[in-house]
Every structure is written in structure tokens, then in C-alpha cells.
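Chemist: What follows is the residue order along each chain.
Number of protein chains: 2
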Amino acid sequence: MGDAFDILMVTHAELSKGYFSAMKLILDINNEDMETVSFEAGEALDTFSEKLAEIIEKKYKDRKIIILLDLPGGTPANMALPFLSASRKLVAGTNLPFVLELMIAKKNGTSWEELDLENMIENAKSSMVFYNKLLKTEEML
Amino acid sequence: MGDAFDILMVTHAELSKGYFSAMKLILDINNEDMETVSFEAGEALDTFSEKLAEIIEKKYKDRKIIILLDLPGGTPANMALPFLSASRKLVAGTNLPFVLELMIAKKNGTSWEELDLENMIENAKSSMVFYNKLLKTEEML
Numbered sequence: 000m001g002d003a004f005d006i007l008m009v010t011h012a013e014l015s016k017g018y019f020s021a022m023k024l025i026l027d028i029n030n031e032d033m034e035t036v037s038f039e040a041g042e043a044l045d046t047f048s049e050k051l052a053e054i055i056e057k058k059y060k061d062r063k064i065i066i067l068l069d070l071p072g073g074t075p076a077n078m079a080l081p082f083l084s085a086s087r088k089l090v091a092g093t094n095l096p097f098v099l100e101l102m103i104a105k106k107n108g109t110s111w112e113e114l115d116l117e118n119m120i121e122n123a124k125s126s127m128v129f130y131n132k133l134l135k136t137e138e139m140l
Numbered sequence: 000m001g002d003a004f005d006i007l008m009v010t011h012a013e014l015s016k017g018y019f020s021a022m023k024l025i026l027d028i029n030n031e032d033m034e035t036v037s038f039e040a041g042e043a044l045d046t047f048s049e050k051l052a053e054i055i056e057k058k059y060k061d062r063k064i065i066i067l068l069d070l071p072g073g074t075p076a077n078m079a080l081p082f083l084s085a086s087r088k089l090v091a092g093t094n095l096p097f098v099l100e101l102m103i104a105k106k107n108g109t110s111w112e113e114l115d116l117e118n119m120i121e122n123a124k125s126s127m128v129f130y131n132k133l134l135k136t137e138e139m140l
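In the order they appear, the protein sequences are chains A and B.
Quick note: the first sequence uses numbering that gives the first Met the number 0, first residue 0, plus one each step.
Quick note: the second sequence uses numbering that gives the first Met the number 0, first residue 0, plus one each step.
No lab work stands behind these hints, which were simulated from the structure alone.
Note that the coordinates shown come from a computational prediction; the quantities given were computed from them, not determined experimentally.
Take the hints with a grain of salt, since some may be wrong.
Each pair of labels, with its calculated beta carbon distance range [claimed, not checked]:
#, chain 1, residue 1, chain 2, residue 2, range
1, B, K57, A, N122, 29 to 39 Å
2, B, G108, A, R62, 43 to 53 Å
3, A, L83, B, D32, 29 to 39 Å
4, A, S86, B, S86, 32 to 42 Å
5, B, D32, A, K132, 18 to 28 Å
6, A, N77, B, N77, 31 to 41 Å
7, A, G108, B, N29, 18 to 28 Å
8, B, N77, A, D115, 19 to 29 Å
9, B, S86, A, D115, 39 to 49 Å
10, A, A52, B, E113, 23 to 33 Å
11, A, G108, B, L44, 28 to 38 Å
12, A, M0, B, D27, 25 to 35 Å
For glycine and all other residues, C-beta sits at the position ideal for the given N, C-alpha and C.
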């Protein structure tokens, strides 16, 4: 048996709560399944960093955790980056297909050691679909 | 001068509103810049489809529109797919880097004809980043 893992999503404004609500609709998740942190307009960077430290270093101390970020180079991602470690994996630029596949793995009891994030990221990239081009190609086959 | 275009985001639950709030924080957008539609828990499919028709076929009649969807194969994407046409482009599985690049193009006055969605999708895929792997690679260089 490998270790369990937790999921934390850190984003601009209400985006993480939006992801939570979509995941709740699709998989009926609850607050134990995914925690969200919002960087709000006008929030001081040191306040935000302290908020992250409180959650990541205290609440999830000695836990394995996946930290989902909305935008590489954005403030939430930049402020979360210093918390990266062997027991904390950070993925930025996530979309719903990625969050969904990760949550299904967690719900199915996939362990931290079994998790293949690189493969999930490749799947998530393949799930970014331009329907007009896709349907045009299919018509041409 | 080419045509202007509008942006509509259709998602599970509050995800589209979450994207709006993140975009508002980053670019100070308003309701003219992006419209959001939510598919809510327990909503009947025909009611949702009628809601989409009301917006897409009436409000945006004779307009060029990009419809952003959260999950290929999900209900919001499936219900929006029949509205695809030459003047309505649908992209599913979007992430914040994609929505941001699209919005910056709109704000900069990029026309419908100039828009290169395929290139934007490739950029958005490159913006899906596994920080642990990235930093490990850089250390090894």
C-alpha cells in the first residue's frame, strides 16, 4: 500500500471555487477531496504567502499533496512555487479534464507512488479540442 | 478591418463564473468581454439547450463567436456542439492560459479573420507545466 494524497487548488479569485463546483456536479466531491485557495484583488503578497504556508506547511505537514495552479507565471503559481518539494507536486495551467482525471485516481485509491502525473498532463493536453477542425477532418476522411 | 468576435463560456456549475472572476482580476474585464452560462445540478437537458439557443441564436445572431467549453464529452460541451457553424468556433478543455491569450487578442482588436485558434491551443498546451519535472531538468542542465 502506497501513501494517500491530498489535492489543493490555488488560483486567481474564484476560479478554484468554480473548479470545485464543477467537480461537485460531476463527481459529488466534498471538502475532504479538494481544498481551494483564492488570491483576491488587492491582497498583499506576504499575506497570501502566509496563508499558503499555514495550509501547506501546517495543515498538510507530513502529507503528500498535489497543488494545482491556474497560470504558470501568475501570482498564485509564483507564490506557491517555493513550497515545491519531493512530497508536494505542483502542476500549472490545469484544465477540467486534468482535474477530473486526478480526482478519479484519488477516489479510486491510486497511491502517491502510483500516480503518473506526466501521463495525466499528456491526456489533458489531448483533451484540448478545437471542435470545428476536428469535425472538418472527420468529414474529409 | 475584419469582424469583431464575442466570447461565451459554457461549463458545469460555477466554473465559467470562476473563469470570469480570474479574468476580471488579471485584465479587469467586464460583462461585455465574456458571457458565461452554467449547467446546474438537476437542470433538464431541454431547458439547458433552450437557454443556449436563446443566447447563441438570438443574442449573438449575425455575430462571430468563440464558445469555450470545459470538458469534451461533458454535458455542456455536448449540448453546445449542435450550434457549431462557420461563424461559431468551439474549443473544449480550455485552461486559463488559453482564455487569457484569447481575451488579450480580443482586447487588442484582433479580428475574427486574424484569430489563430490552433496556434493558441498549442500555446495553451505548452502552458500546462509540471513544475517538479521542469525544475529537476533545469538542475541537471
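Chemist: All the hints need checking, so say for each whether the structure fits it.
Modeler: Hints versus structure:
Our hint of 29 to 39 Å for K57(B) and N122(A) holds, since their Cβ atoms are close to 37 Å apart. In this structure, G108(B) and R62(A) meet the distance hint of 43 to 53 Å, their C-beta atoms being roughly 48 Å apart. About 34 Å separates the C-beta atoms of L83(A) and D32(B), a value consistent with the hinted range of 29 to 39 Å. Against the hinted window of 32 to 42 Å, the Cβ-Cβ separation of S86(A) and S86(B) comes to about 50 Å, which falls outside the hint.
The beta-carbon spacing between D32(B) and K132(A), approximately 25 Å, falls within the hinted interval of 18 to 28 Å. With their beta carbons about 36 Å apart, N77(A) and N77(B) fall inside the hinted range of 31 to 41 Å. Taking 18 to 28 Å as the suggested C-beta distance range, the pair G108(A) and N29(B) does not conform, at roughly 45 Å. Between N77(B) and D115(A), the C-beta spacing of about 28 Å keeps the proposed range 19 to 29 Å intact.
Judged by the Cβ atoms, the range 39 to 49 Å given for S86(B) and D115(A) holds: they are separated by roughly 41 Å. Between A52(A) and E113(B) the CB atoms are about 45 Å apart, so this pair departs from the stated range of 23 to 33 Å. Distance hint check: the CB atoms of G108(A) and L44(B) are about 32 Å apart, consistent with the given range 28 to 38 Å. Distance hint check: the CB atoms of M0(A) and D27(B) are about 49 Å apart, inconsistent with the given range 25 to 35 Å.
The structure is inconsistent with the numbered hints 4, 7, 10, 12, although it conforms to all the rest.
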